[in-house]
Amino acid sequence: MEIAVEILLATFLEEATELLSLIESMCLRLEQDASDRDALGEMFRAAHSMKGAAATLGYNDIARLTHEQESLLDVLRDGTRELDAELSNILLSSIDFLRLLVDHARSGTSAEPEHVEDAIAVLQHAARHRPLTVGPSDLEPSSREEAPRGRPAMGGSTLRVSTERLDKLVNLVGELMISQSAVLQALELPPVEAQARAREAMERLSQNTRELQEQVMAVRMVPLGRVFARFPRLVRDLSLGRRLNLELAGESTEVDKEMIEKIVDPLTHLVRNAADHGIESPEVRLAAGKDEQGTIRIAASHQGGSVVIEVSDDGRGLDLERIRARALENGLLTADGDASRERLQSLIFEPGFSTSEFVTDVSGRGVGLDVVRSNIESLGGAVSVESTRGVGTRFRVRLPLTLAIMDGLLLRVGDQTYVLPLANVVESFRPRREQLLLLPSGFELVRVRKRAVPLVRLHSVLNVLPETREATQSVCVLLQTESSQLGLLVDEVIGQAQTVVKSLETHYRQADGLTGATILGDGRVVLILDAAGIARLAFGDGSPHLAFAGELEENHGRELQLN
Amino acid sequence: MDESFSSIDTIAAPANGGEYLTFSVGDEEYACDILSVQEIRAMSQITPIPNAPAYVRGVMNLRGIVVPVISLRAMLGLAGPDDGKFRVIVVVTVGMKIAGLLVDAVSDVLHLDVSEVPLPSELGNRIDVSIVSSLGTLGDKFVVVLDVPRLAERAGLNPPQSS
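Here the protein sequences come in this chain order: X and R. At position 292 of the first sequence the residue is numbered 292 (my numbering), and the sequence of numbers has no breaks. Position in the second sequence counted from 1, then plus 563, gives you my numbering.
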């Protein structure tokens with residue numbers, strides 16, 4: 001019995017979160033077009049379902065509040081009043097408050113009774129079309145930071161899976177069992193026949209296993225639309241008197257459930273950034289001959305084995321001169337170092353780079369883009385920026401499809417084996433002497449089709465004993481990270497492998513240059529290298545990589561034979 | 564029967580005694596609370612973690628879980644390699660974390676009387692006493708009782724959540 005109630009509660013909490021998001025997005029739609037009857041109908045239905053469910057389970061505060069919401073919506077529906085800014089603020093605040101109540105229900109705590117009464121009063125007054133005695137701000141939860149948005153549900157998070165997908169899984173498991181018994185039967189046969197038959201059956205078994213793996217992974221995939229759903233409200237709240245237009249694309253792009261939870265913060269930060277620093281005031285925009293209304297665009301797409309999410313705005317763009325000045329101050333650039341455009345742009349991801357001029361009450365929370373970068377990199381992804389002064393800025397986030405399984409390249413250095421994400425590998429080759437260059441600073445380069453790429457000896461980065469220190473006896477693996485290319489010198493490339501990624505953090509902690517570990521078929525634990533992390537290890541803390549790039553530019557074309 | 568009764572007694576007993584797993588590192592006998600021990604494993608293949616502190620020997624495969632292996636010898640600040648013939652990995656749990664402790668040999672599971680007397684200063688000259696919780700007595704012998712949670716913390720297993 002108790003279990004049944006628990007399941008009901010869990011379902012309710014999940015549904016309530018979804019319904020609130022629905023009410024919210026419909027409210028925003030109605031705000032754009034007050035005559036949108038469909039949106040109003042949806043809101044009404046959602047509020048009604050929520051009221052019913054809450055009342056059944058004894059969440060009286062939630063039930064009462066949604067009841068008042070319904071009454072207010074009724075006023076809108078019968079045309080006595082149209083949704084104006086004031087009403088929509090009241091509705092949105094009540095949604096925030098309901099979210100808080102749902103969260104209280106989730107954690108088993110209760111809200112302050114007088115807050116609930118205030119919230120109800122505000123809605124009642126609005127519905128009766130009377131002047132407000134309580135301002136909408138009173139309705140807001142005491143601290144906005146505490147207002148939870150889409151936190152993972154209850155302790156162990158749940159996931160909704162379509163029955164279609166579930167049926168597929170069941171079928172596959174059925175096939176798997178048939179194949180398995182075929183193997184066992186084959187082994188019963190006289191030895192002459194057994195081998196061939198068992199081999200055949202094993203092939204089918206491994207085929208089934210692969211399919212099952214794919215399908216199980218597919219279960220974990222959820223559309224990015226779930227993350228995007230929060231942005232209309234965020235952008236609305238950030239518009240601060242300006243008109244901001246939000247364009248969403250690729251909401252159906254699917255990524256791993258775990259990834260969804262982890263990219264919310266970085267993406268939110270980028271959207272805030274665009275709204276806050278990117279888009280100018282209407283006056284400035286008009287003076288610059290732009291549309292008064294600024295546009296933020298979030299677009300997701302699959303590109304090869306990764307998901308790319310772009311957050312772009314048509315705002316003022318990055319001020320490269322200011323970045324240069326700031327970088328000189330911080331010592332990220334040397335006075336004589338003539339930095340390229342890309343280099344200057346990528347500096348905004350450096351720690352401590354958010355300048356005080358940039359800080360406003362909206363984005364200035366002491367968290368800079370360096371955190372965005374490290375969050376994304378910890379997911380095995382990368383972020384880059386592209387900006388044109390006066391035209392806009394585009395952040396490009398590239399993420400692996402899943403955190404759980406990765407196609408990797410097995411490498412050997414000395415007696416150690418490592419895995420590199422295949423997504424980062426461009427090619428591998430044995431360097432010839434004439435491809436190798438040594439800079440005066442000791443940095444090495446390898447020439448790949450007329451381009452000089454920094455060369456990193458994996459053994460020295462990881463402090464292991466290589467088989468050979470002679471580069472021409474080694475193999476160079478050309479890596480592509482979001483910002484640059486890198487040649488990684490290893491003893492041997494063993495081959496490709498599909499690896500199940502295990503976090504090192506679970507029982508140890510994060511380690512520099514590593515994204516995790518995997519277990520090979522023979523039971524050995526092999527570490528998974530993080531291409532961007534290796535680059536950072538090789539060129540020190542912060543990003544002297546950039547300083548090095550300067551030297552690279554200076555020495556461009558200068559031939560310096562090794563030794 | 565007698566044995567099982569005595570073990571129930573000791574689990575319920577106050578903090579001055581209880582069941583301990585004893586093992587040796589170098590010439591000394593050490594012990595840790597049996598309740599923090601998950602299992603004892605034969606020496607298995609350890610994958611070194613680059614640039615990790617010397618006491619982190621690497622990670623091993625514990626039935627599909629990747630767990631760190633800590634050299635107790637190195638944690639105690641004792642010299643010499645931990646490649647003894649009888650070395651084993653004592654798998655301990657601390658909160659949600661699992662780790663392997665590499666020791667020279669396991670000895671026994673014993674009831675120890677744990678003294679509340681201060682550690683002899685002489686001990687501090689030989690080993691790092693920050694991971695020692697107390698001294699146990701076994702007849703006329705002393706056994707150094709390790710503070711496993713503290714050890715895990717010192718080994719960096721429970722760093723403050725950074726992200």
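It is worth saying that the hints were derived from the structure and are not from the lab. In this text, a Cβ means the ideal position worked out from N, Cα and C, and glycines have one as well. Accuracy of the hints is not assured; some may be wrong.
If the Cβ cut is set under 8 Å, some of the chain X residues that face chain R in the computed set are [what the hints assert, rightly or not]: (1) L462; (2) R524; (3) V525.
Results for each hint:
1. Checking L462(X) against chain R by beta carbon gives a least distance of about 4 Å; that is within 8 Å, so the hint holds.
2. For R524(X), the interface hint holds, since its Cβ comes within 8 Å of a Cβ in chain R; the closest pair sits about 6 Å apart.
3. Interface hint status for V525(X): upheld, as the beta-carbon distance to the closest one in chain R is roughly 4 Å, under 8 Å.
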